[in-house]
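Start from the sequences and build out the full structure, keeping to the hints where you can.
One line per chain: the protein sequences are A and B, in this order. Reminder that position 11 of the first sequence reads as 37 in the numbering used here, one-by-one numbering, no gaps. Reminder that position 387 of the second sequence reads as 413 in the numbering used here, one-by-one numbering, no gaps.
Hints in this document: simulated from the structure, not taken from any laboratory. Hints should not be assumed to be uniformly reliable.
Unchecked claim - Below are the DSSO-like pairs computed for lysine-lysine, each with C-alpha atoms no more than 30 Å apart in a straight line:
(1) K119/A / K428/B
(2) K222/A / K198/A
(3) K119/B / K414/A
(4) K408/A / K255/B
(5) K214/A / K92/B
(6) K304/B / K377/A
(7) K179/B / K264/B
(8) K361/B / K304/B
(9) K361/A / K255/B
(10) K428/A / K255/B
(11) K264/B / K328/B
(12) K329/A / K119/B
(13) K120/B / K414/A
(14) K414/A / K377/A
(15) K328/A / K119/B
(16) K329/B / K179/B
(17) K304/B / K77/B
(18) K361/A / K401/A
(19) K179/B / K334/B
(20) K329/B / K214/B
(21) K92/A / K92/B
Just so we're clear, the structure is a prediction, and the values are computed from it rather than from any experiment.
There are 2 protein chains.
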Amino acid sequence: MPSLPGFRDFYPADCAFRNALFSTWRATAQRYGFVEYDGPPLEELELYTKKSGEEIVGQLYHFVDKGERAVAMRSEMTPTLARMVAAAHRDYKKPIKWFSIPQVFRYERMQRGRLREHFQLNCDLIGEASLEADVELISLCIDTLRSFGLTDKDFVIRLSDRQFWVDFLKSKNIPEDQWYGVFQAIDKFDRQPREKTAELLGPLADEVFNILDHGAASERLDTVENGLKARGLGDYYKRDFTIVRGLAYYTGVVFEAFDRSGEFRAIAGGGRYDNLLKNLGGVDLPALGFGMGDVVLGEILKKKELLKPATASIQAYVVVPDETYRAEAAGILQKLRDAGIAADMPLSPTKIGKQFQSAEERGATHAVVVDAEIKNGTVAVKTLADRKQVAIALDQLIPTLKG
Amino acid sequence: MPSLPGFRDFYPADCAFRNALFSTWRATAQRYGFVEYDGPPLEELELYTKKSGEEIVGQLYHFVDKGERAVAMRSEMTPTLARMVAAAHRDYKKPIKWFSIPQVFRYERMQRGRLREHFQLNCDLIGEASLEADVELISLCIDTLRSFGLTDKDFVIRLSDRQFWVDFLKSKNIPEDQWYGVFQAIDKFDRQPREKTAELLGPLADEVFNILDHGAASERLDTVENGLKARGLGDYYKRDFTIVRGLAYYTGVVFEAFDRSGEFRAIAGGGRYDNLLKNLGGVDLPALGFGMGDVVLGEILKKKELLKPATASIQAYVVVPDETYRAEAAGILQKLRDAGIAADMPLSPTKIGKQFQSAEERGATHAVVVDAEIKNGTVAVKTLADRKQVAIALDQLIPTLKG
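Below is the structure:
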């Protein structure tokens, strides 16, 4: 019986890779003064429909629980964040800088590389309206990728101004219920024939094309770009008005991170959503955030051989050539572990050659041979790299292995 | 809208506590040569009913997904482990020593302290039949608790022999379908009136009472106890035949860890289950394991004030007394972070007194004041503990903060 389609098993090597990725995420966010939070992987269904409308239900793992509650496995973190911030924002100084690494779930049609779960770094900055907050958040997104060894040759942040498009549509008196279609057409500008986009845009086509082809003025973007330059991150972004972030709730600068090769889907995306907390949680606080999944990033890091965590290893292997001294060997094993040394020994009678083989396979640097000499208070310590063996008094064993 | 009943939100302080607990779990398991794995939080329902029978469905979060699959949120890790080991055991040397920290879910009637989710350290040792493996696993359970600073004054492992009871029931020709009732009565021996237990045990009562009151011979337990003594862990267990571990699949030594005060529910429990992998995954490998939840352990550690992770803090706060120099300040902030220093600055114009206050509240050791002096290539560095302030050349800033 395999795992469910779209769900991953993490065998030790995969788990080590995932944990190394999480560690880098955590370390970078903490360097920016973000602190970690988490919420439940199951929430009331209404939390998601309230944000995204009834359409979202088609993508959710949702059901009615034994208490007759309509519930859903979390498909994104923002609704949980909004709920938690609404309940407790008074306890925290502003700006609130929080991050989380939830596993999120969506029932999607299976496609190449698409999974039904992934882990997602979520970084959100709440309670700060200034554009310096946008600069801070985008810098964190850039530095998160740089922390893995990726450079401006590897990725770029596509920077856009969602509010610019909203103002544009308002100035053309386009009714709000048609905005989504326009955003979709703009979003797909690079990926579908110009005629098709023109058809979708109708009378707006010429003006939109002009903006997409030649850019437009945005004071917001000027300020954010100057902020990034002040931080020495001027090579990490380009202005790109095709980035609109489909979701209805964005209200300002939006951005997505892409691999420069164009081979992969977006690595990360986010932006400002100043009205969302009010709509979801009833708390009127400006906010912005981004999400970065582990799947696309993981593929890129593997391709570029940038994240190669060492497989877990032990430092010392206790060799038991003679079962007579198993109890003494076990006592020494315990002393090593008590001293913080990762150590192991055979759990049943094993030929000595196979024990040394295990020691090497497990990555041990030293073998500690416990035999009749233990009666004189000594053990033999063999350095596995050069196979040199010396007799060591028991009270010198820990210092020898730690030195 | 709160979280679902029985589900926890982890605000930053709770999340820091949880992460510190996980870190200690990981470090101890790794010292014992265990490596981490993980599996999906959603599995086919059949994976659980195959192990525990149809009765388990009443406790599961289960539903039919959009692909018409009967699925369940994982209620324990062992079925996933059995599935993963069955699929890939040939790729791993025996014994396999694996651990995981899954979140698991059960729909239980709400009681004091009962949640519907918790995190659980699972340590399993697969492919080793010798009793030294039991010693190894129980030692890991003991050392996991010792790693938090708990001692033999705080907790004890209650050690029992499930196979002893199986042999006993067989010798009395008790049909297998009555075993569960007997195990239930033995398990509750300490918690219900003797007459009630006698009634449940019927003709077995006298002999069972004799064993529970005076103990019985078990070579298995003798060997395991000697093994624990050899490791210097003789003060951490007591033999206790009331421990039977209700689940049908245990086949040898079983154990539970309890707080000595008797105030809390079991901290951990496990034992040998040599037939389970064959029954679940079709792979005949001896195995044993234990689980330790984060809730009871967390309560004990809080009560004893043993795990008090420092709240996340920054090291340096960049003070901007004059907005004229914000860009320069942002550049310096970036340099600090690039050097691995956790640092922050105000994201909008802020009174200087309030900036120093933020620096202190955030736990910064140093404030870096960026003002007109930046034109001469210097900043003021204030040590917040003694409020001493010195002018530092820019190229000496990182060494000063790191020294």
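Structure-based check of all given hints:
Taking the CA atoms of K119/A and K428/B, the gap is about 27 Å. The hint holds against a cut of 30 Å. Restraint check for K222/A and K198/A: satisfied, since their Cα atoms lie roughly 21 Å apart, inside the 30 Å limit. Restraint check for K119/B and K414/A: satisfied, since their Cα atoms lie roughly 26 Å apart, inside the 30 Å limit. For a cut-off of 30 Å, the pair hint linking K408/A to K255/B stands: about 27 Å separates their Cα positions.
Using a Cα cut-off of 30 Å, the hinted pair K214/A and K92/B holds, with the two alpha carbons roughly 28 Å apart. Straight-line distance between C-alpha atoms of K304/B and K377/A comes to about 28 Å, which keeps the hinted pair within the 30 Å bound. For the proposed pair K179/B and K264/B, the alpha carbon gap of about 13 Å is at most 30 Å, so the pair holds. Only pairs whose Cα atoms come within 30 Å are accepted, and K361/B paired with K304/B is rejected, the gap being roughly 57 Å.
For the hint linking K361/A to K255/B, the alpha-carbon distance of about 13 Å falls within 30 Å, and the restraint holds. As the CA atoms of K428/A and K255/B are separated by approximately 26 Å, the hinted pair is consistent with the 30 Å bound. With a CA separation close to 25 Å, the supplied pair K264/B and K328/B stays within the 30 Å bound. Annotation: proposed proximity of K329/A to K119/B holds, straight-line Cα distance about 28 Å (limit 30 Å).
At roughly 28 Å between alpha-carbon atoms, K120/B and K414/A fall within 30 Å of each other, so this suggested pair holds. Restraint check: the Cα-Cα separation between K414/A and K377/A comes to about 20 Å, which is no more than 30 Å; the hinted pair holds. At roughly 26 Å between alpha-carbon atoms, K328/A and K119/B fall within 30 Å of each other, so this suggested pair holds. The hinted pair formed by K329/B and K179/B meets the criterion: a straight-line CA distance of about 15 Å does not exceed 30 Å.
The straight-line distance between the Cα atoms of K304/B and K77/B is roughly 11 Å, inside the 30 Å bound, and the hint therefore holds. Taken as a hint, the K361/A and K401/A pair is honoured in the structure, with Cα atoms around 17 Å apart against an allowance of 30 Å. For the hint linking K179/B to K334/B, the alpha-carbon distance of about 20 Å falls within 30 Å, and the restraint holds. The suggested pairing of K329/B with K214/B holds, with an alpha-carbon distance near 27 Å, which does not exceed 30 Å.
Of the pairs offered as hints, the one joining K92/A and K92/B holds, with about 19 Å between alpha carbons and a cut-off of 30 Å not exceeded.
Taken one by one, the earlier hints fail for this structure only at number 8.
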